[in-house]
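Asks: Residues per chain, in single letters:
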Amino acid sequence: MQTERWHFPVWLWYALLCIFWWGLWGFLSKIGSAAASPMQMQILFTLGMLPVALGMLLPMRGKLDRNRGGVTYGLLCGIATGLGTLGYFAALREQNASVVTPLTGVFPVLTVVLAFVVLRERLNKVQMGGMLLALASIVILSI
Amino acid sequence: MIHWMVYASFAIVLWGVNGLFMKLGTNRISARSMVIWVTAGFVVLLPFMWMTTTLSGLSAGIIFVGLIAGAVNGLGNWAVFACLEKGAKASVATPLTALYPLCTVALATAFLKERPTALQWLGIALAVAAGAMLSYEPAPVTAPEEQLHCVQ
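Chains as they are written, first to last, in our numbering: chain A, 1 to 143; chain B, 1001 to 1152.
Keep in mind the hints are simulated off the structure, nothing from the lab.
Cβ atoms here follow ideal geometry from the backbone N, Cα and C, with glycine treated the same way.
Don't take every hint at face value.
Unchecked claim - Label pairs and their in silico Cβ distance ranges:
| id | chain 1 | residue 1 | chain 2 | residue 2 | range |
| --- | --- | --- | --- | --- | --- |
| 1 | A | V113 | B | A1106 | 27 to 35 Å |
| 2 | B | A1132 | A | R93 | 16 to 24 Å |
| 3 | B | F1111 | A | P51 | 17 to 25 Å |
| 4 | A | M128 | B | S1056 | 45 to 53 Å |
| 5 | A | I143 | B | F1111 | 15 to 23 Å |
| 6 | A | L132 | B | V1013 | 14 to 22 Å |
| 7 | A | G55 | B | H1003 | 27 to 35 Å |
| 8 | B | W1121 | A | K125 | 20 to 28 Å |
| 9 | B | T1054 | A | K30 | 16 to 24 Å |
In isolation and in its complexed conformation, chain B is listed as follows (with noise of 0.2 Å):
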């Protein structure tokens, strides 16, 4: 039997790698034909799915929350490709977006009624420093001499 921490392992490596793959791409073509290649990357996967499991059983509003949930996820990758393209490095754009669960706490708080425990709160409170600090990008100003020198 497979130890789950090479299945871990497995993950963590094909997400790792994405993060890569993704800025390359979008160094190649537009925001939004990468959102279509990639959507056509998961249907290639959705035959072995199907062959493991059926969707009979589950109710229509659980289907239809799944639904909804793809779609957002969609245009959650249609942003990470837009901000790569517009110039953001894949150092900064994947570890600052896949602080995406302190927006998921936020929801789970405020229409599921959860509390966050005094650890989660800690992990906000570093997820809110660490992407302050993830987007510090200092813009190069030039200074009035040199602009003096542009303009003659």
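Excised from the complex, chain A in its bound form (with noise of 0.2 Å):
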């Protein structure tokens, strides 16, 4: 039998870290970006990465996982990510920032739909309701 009772997970505090790192990278982009390129800026954070990959190199001493499908997702997350962001620039050339940040904010829409085709995720109906206020809320913030 199982009852249903709410618990906080481990995974849940990194998630809050997350947001708390991304949100402080969104508002130094905001003062950056008052006087350098979108592309400066990239290559700035390409550039400010690398002192953070070094220290999770350090402790390791040389042990960096080498399994092969794990470093092929990885270095693709870069390219991905990396391509995505100038994908974004180009169109916020056309576009005013007004339309295109929210409509490109629907992204994790993508990731639901292959984690339930890839992966064989399920979201419980609560989690489903909030991926929908999240998407509601993600196009509303970046107006």
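Two chains, two frames, some hints: make the complex.
Replies: If you want it as structure tokens, here you go:
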């Protein structure tokens, strides 16, 4: 028998930490983009990520995971995010941010669909409602 | 000329697929290793970006802000990989962490003295509700009689 009781999972702490760090990134980007172009900011972001990557590598004492699949997906994450950002900037050259940003903000829908099909993940009804609210809020906060 | 919608769709597809890649990657290697390989993926694009622009003309202050922004972005990447590594579903972690503009709005309100509009307040309220609902995962609790059976 199973009873439903909410608990605070460990992964949620990391999700909140991520929201904080990315939120701070958005804030600093807002300040920097007043004087730098999006492409210049993207170069600075990449250079700024290098010390963090080095900081992750040092405690591992060179024992970096080299699982072929993991490495491929890791590299693809970086390339896909970077290329997606370049596409976003290209769209911004021809259309207002108030149109492009909310539109591109719906990308989690594709992740949810792919996770449903490829990973066979299933959301409960509460989470499904949460995803719809998240999409609405992402679009509203991007305007 | 390519329509802006094509570029926007390109971004949606790549960012959407990225959510899947993140989960598939953390199923195989550690969150720390993912940060390193993802950064390597970004570096691959660096020569192309250098060909289109340079950093000349930017003040030291703006360069510093950009670099710090990159560093906190890297820490955010580590946190989302750790989140997935600890068992979060990609279909929960991706929409949940995409709520980060909530924090940006809070910081802009506190430090830049920006006042959220009525619409943004609605977005904030929806984001808080969405975050709570997305993180709702009932824990399976074993009934007392089953626990007793396990002991025996």
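Asks: A separate judgement is required for each hint: does it hold in the structure or not?
Replies: Going down the list of hints, with the structure as the test:
1. A/V113 <-> B/A1106: 27 to 35 Å: holds (30 Å)
2. B/A1132 <-> A/R93: 16 to 24 Å: Violated: the Cβ-Cβ distance is about 38 Å, outside 16 to 24 Å.
3. B/F1111 <-> A/P51: 17 to 25 Å: holds (24 Å)
4. A/M128 <-> B/S1056: 45 to 53 Å: holds (49 Å)
5. A/I143 <-> B/F1111: 15 to 23 Å: Given about 21 Å between the Cβ atoms, the range holds.
6. A/L132 <-> B/V1013: 14 to 22 Å: Cβ of A/L132 to Cβ of B/V1013: about 21 Å, so the range 14 to 22 Å holds.
7. A/G55 <-> B/H1003: 27 to 35 Å: For B/H1003 against A/G55, whose Cβ atoms are near 42 Å apart, the range 27 to 35 Å is violated.
8. B/W1121 <-> A/K125: 20 to 28 Å: Holds - the Cβ-Cβ distance for B/W1121 and A/K125, about 27 Å, lies within 20 to 28 Å.
9. B/T1054 <-> A/K30: 16 to 24 Å: holds (23 Å)
Checked against the numbered hints above, the structure violates hints 2, 7; every other hint is satisfied.
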